[in-house]
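Got chain H sorted already, so can you dock chains W, R and X onto it with the hints?
Residue numbers (UniProt numbering), protein chains in the order written: chain H, 1 to 353; chain W, 1 to 353; chain R, 1 to 353; chain X, 1 to 353.
Keep in mind that a hint or two might mislead.
[To be verified] Capping the alpha-carbon separation at 27 Å, the derived lysine-lysine pairs in DSS-like fashion look like this:
1. X:K262 to W:K54
2. W:K206 to H:K262
3. X:K250 to X:K262
4. W:K206 to H:K250
5. W:K263 to X:K46
6. R:K54 to R:K44
Think of the hints as simulated: they come from the structure by calculation, not from any bench.
4 protein chains.
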Amino acid sequence: MHSYQIGILGATGAVGQKFIRLLEDHPWFTITKLGASKRSAGKKYKQAVHWVEKTELPAAVADITVSECHSSNFGEVDFVFSGLDSSVAGDIEQEFASAGIPVISNAKNYRMHDQVPLLVPEVNPGHAELISSQHFDSDGKGWIVTNPNCVSVPLSMSLKPLDEAFGIDSVVVTSMQSVSGAGYPGVPSLDIIANVVPYIGGEESKVQTEATKLLGQVKGNTTEFRSFPIQATAVRVPTIEGHLLSVSVKLKNPPSDLDEAKKAFAEWQNPIADLGLPSSPRQPVRLYEENRYPQPRLHADREGGMQTAVGRLREGTVMDLGYVTMAHNTIRGAAGGAILNGELLAAKGYFES
Amino acid sequence: MHSYQIGILGATGAVGQKFIRLLEDHPWFTITKLGASKRSAGKKYKQAVHWVEKTELPAAVADITVSECHSSNFGEVDFVFSGLDSSVAGDIEQEFASAGIPVISNAKNYRMHDQVPLLVPEVNPGHAELISSQHFDSDGKGWIVTNPNCVSVPLSMSLKPLDEAFGIDSVVVTSMQSVSGAGYPGVPSLDIIANVVPYIGGEESKVQTEATKLLGQVKGNTTEFRSFPIQATAVRVPTIEGHLLSVSVKLKNPPSDLDEAKKAFAEWQNPIADLGLPSSPRQPVRLYEENRYPQPRLHADREGGMQTAVGRLREGTVMDLGYVTMAHNTIRGAAGGAILNGELLAAKGYFES
Amino acid sequence: MHSYQIGILGATGAVGQKFIRLLEDHPWFTITKLGASKRSAGKKYKQAVHWVEKTELPAAVADITVSECHSSNFGEVDFVFSGLDSSVAGDIEQEFASAGIPVISNAKNYRMHDQVPLLVPEVNPGHAELISSQHFDSDGKGWIVTNPNCVSVPLSMSLKPLDEAFGIDSVVVTSMQSVSGAGYPGVPSLDIIANVVPYIGGEESKVQTEATKLLGQVKGNTTEFRSFPIQATAVRVPTIEGHLLSVSVKLKNPPSDLDEAKKAFAEWQNPIADLGLPSSPRQPVRLYEENRYPQPRLHADREGGMQTAVGRLREGTVMDLGYVTMAHNTIRGAAGGAILNGELLAAKGYFES
Amino acid sequence: MHSYQIGILGATGAVGQKFIRLLEDHPWFTITKLGASKRSAGKKYKQAVHWVEKTELPAAVADITVSECHSSNFGEVDFVFSGLDSSVAGDIEQEFASAGIPVISNAKNYRMHDQVPLLVPEVNPGHAELISSQHFDSDGKGWIVTNPNCVSVPLSMSLKPLDEAFGIDSVVVTSMQSVSGAGYPGVPSLDIIANVVPYIGGEESKVQTEATKLLGQVKGNTTEFRSFPIQATAVRVPTIEGHLLSVSVKLKNPPSDLDEAKKAFAEWQNPIADLGLPSSPRQPVRLYEENRYPQPRLHADREGGMQTAVGRLREGTVMDLGYVTMAHNTIRGAAGGAILNGELLAAKGYFES
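The following block holds chain H by itself, in its conformation from the complex (with noise of 0.2 Å):
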């Protein structure tokens, strides 16, 4: 059985608001340490956060003192999960591995180093592999691992069984996504009422690297990344919870017709369908028949937010394939996967000390 004591980085953000509300009945994680910046350290967490989920504060971590994100402060927790601020969570991260404290995390700055793995568990999760490459502390306690920004995840789980079957030789994506992407405050309700933003700062330069890396293969104490080309425009649409991408591929040995293309999702095998896994969604890339879904109001929830939608899957006159792909920006997107990387971790041992 696991059992383990966790804390939050970054407990009182939106993201860290997902991460307490996905973990308030969890097996086999219990909150016992949050952390979030200096103006809110000393204060009851109740009073500490402007709490936007849509369900109840959890009484239980209601109370819990927050602290500032410093591992002194952290002796007790088996490992924590991060969803600070790219802005701080550099430095506090590294802090906490060095201290010999794994860190699963959200933020963007360690994807791209070498030794960290980007992951998605039914995408690679042999890459948790370079977890011993690291040397954040000396003993090899304390490392860190991601998962993807909130469009490379069904964007990779998508491109999975076509790459599988078929190979991948370039991708065409535009991204239209949801305003809790933005965190809170985040996106200003007189920019987005009736209206979409062609442009979200940074973001398509994520979307353009990170499958690459995530369809990649570790070599050694790094990750390969592969050499297809991602374009991609990433805009910002009206909707609350669930990035819909538009995806147009090119395949390395495309299918003779669609039907192949369909069975490359029916046949495909998820590689961490047999470890039970708490968030673990049973159809981890559900491919939708019916002309008009996915949605991301109807759909996004589905599988506790952790299943990835597909839909629209057809032949191209351009690249081989067109299909959209949909998952939940805040679950699966960010905390849902953090911590099914961190179940993933968990099954496998990392913690074990």
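For chains W, R and X alone, coordinates are given in the frame of chain H:
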């Protein structure tokens, strides 16, 4: 001086209302006849219509008695604009043309007809010459001209400068379309508030085809389509007016750098600039430099809703360039585009008898 | 133990779908028959329905063959829930009741019938006794019970504690109603995105009347309505689920201060608390202290969508108190309310033969 | 002929931008100075501002160098419009007035000042006479005039005809306010998309007070407020522009029927109709007969955004009448209202020295 009496077919529908609003103070065209279904015929327009425009129903039109859409009721008009639904436009437009009444149509029915020009004045004004090949009536007085689908308008207008400068090789486009594109009542609010619907019936095939006719050449009595492929994904987003397109384009002779691409837009010559058409925008294609522009809610109304906006022009990783483009779907992409077609044909003398 | 076979009338409509979703794992009620219009009859439910719920169509229902809504097709059921449109509910519900099949209806048709209880279990559970006065069939086995309009539910539930403590003198209410209240397709998106429509046909008269029956007394074989006036304004706002009401209330014996008013809510006793009804919320009326609460998008789903929320309780300048109240309009205010009525009547033995 | 040089205080904010847009081609007033915070001072306006208006930044203003808001920088102007935030408006406006520069302010700080007119030209033009009682500077050349809160504008304008005809006894109002009322960045989209927030800090006390000053009488050197109570609930809804109010009103001498109430609106005389003010709407208060009107998105822009719309006028059950009213909150309710105040004062000779 141009002075014409005109009729509106489909006058009570969303496109018909837009015709009436846009023609309220038109210097050349005066509405004298309104055509609608049998249900509305015999009523005064103000009683027959569920007016959804933001401006007042024009007083000069309010008391016109609506007729059924048959040429015998439109004896005195010089030509008609058709905002008919495609389910009835085929027969009715043919009947008018056969009776010697020119039809400037927004409907899709004759867009692919060999002798019917699919016309965007700034893109292919010369295609008007196809009119003389038509045989709807024996003496050639009745004919049909169409404008393209609301997505094909900004797509063709934004591709035109690039085509002239570099030659189009292939295009991948995702169009994020506003609810007004579906008419009234159109899209149920339960479907689209805080949502994206990744499918619009019949839309993608139009987008994949029409621009290749628009950018084609008239050869003898038909149009030679261009051969470049367009791969389209059409989705519905909760905007009111303005379709925003994310475009990736491969070019035959790509520019050496981004500045050269920008120069293609800056130096492109509007072929109808000198005609003094009342609805002609000063700047038909505007390139925005600001990352966050253009946006449907902020910019769709610029230049009376007749301007096509381009933004986020940048080098691509899969195809040569990426950009977004946007136009007002019910003005530039429908009624306003048809009116500009009418003005072009008036200026060229097509309505002289 | 309660175990009943039930039918759903109007099964393909928006309310019917909600019944099916809410009853998916119901411990007492099992759906065995589905009724809809002639157009759907004979089809499997999954083929007849345009499913708009966020969850999957329950497998146990998907393959049930839909029947026309006639009692002869519903022989084996213990009772039916009716989500019929009011245009047909009058005749059909009467036919079922006359045939000896109890009808728990969400339709408005019989709400004002002298012998038909208009029932909210927490407000007027005793009104169920009116059932015995009904004469739809000669042996009294068939009868009709209704739940109120979706606005009258939170209005009556929030007024109940105040009425018990202070007596209602008069009420002014503005209801801001979500689009799901109009069913599907319902409100056109062009009408409501970024807009408010200050009129909902027929709504205000229901709001002004129903609460005075709910808070009234059964006297003999009829209900004595209360005499206090309600002045209602009903507007449509672009929310999905949850009607929010702004209420001003004058009281017969006003509290001496705000705390006394709060105490009325805190100390109010839920009359069905001890019955163990499966859909009964632990806290039927929750008073929020936070200024910004309740909000439709955040709180409509609390307690399975069965809780009425109250907030912003404060002293008034014209009337004694002001507050806002909100309930999930398609659960608490429609299908969920009807199910709770069914549970109440089951617990009281009304379905024993 | 009137010709004045004017300055804008708070020029980079949302209200300041609206002043600049509305004054672009103003026949009387020319913007020559712009004031903003120290952060913007010294920059050209086009560099200092994050322009959020739909129209282009006016070229004549784009290159004006922004100054700090001190009278010494505004030597040549005849007067200033203030769009300052209330956190700084108190001191700055006083400093300008003390230096002999008249201030037409949209800020709330001096609205309740005894000698400062709270002015809506169609409601209480005579209140301008209070100016002569002010002592901000010793020779009376500097003074302050304010316009009311954006809700109080349509409330007072719609109550005025009823007050003249029947006398106001008491008012209950729920205001459904658009996001532009909170400025930019203002309301986070996560709070308001598909939602209603039942609280706007500080708003209700303004709504409950200002109309009683506007409808009051100048007596000597102060305004005698009216004594009728207003009970207000202010909520935020996801509209862009236009606050819609649901109003219930009790009258001292109620009309005998609804027609008499309609006649009060029809026969009301606009007291400034003959002054020829450039921003004055032809019909300041328009009564819509259509049940579904007025709507913020359709009608807020009517008459340049300066018209107050009234609709759904009907008899009440608790109070004598019910109606809805709506005005463009950032034009009629803010910058446009202030400009009309400036025009009124110009026409009355207050800027002659």
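Structure-based check of each hint:
1. X:K262 to W:K54: Holds - the C-alpha atoms of K54 of chain W and K262 of chain X are around 24 Å apart, at most 27 Å.
2. W:K206 to H:K262: holds (25 Å)
3. X:K250 to X:K262: With Cα atoms ~15 Å apart, K250 of chain X and K262 of chain X stay inside 27 Å; holds.
4. W:K206 to H:K250: holds (23 Å)
5. W:K263 to X:K46: holds (24 Å)
6. R:K54 to R:K44: holds (20 Å)
Comparing the model with each numbered hint stated earlier shows that all of them hold.
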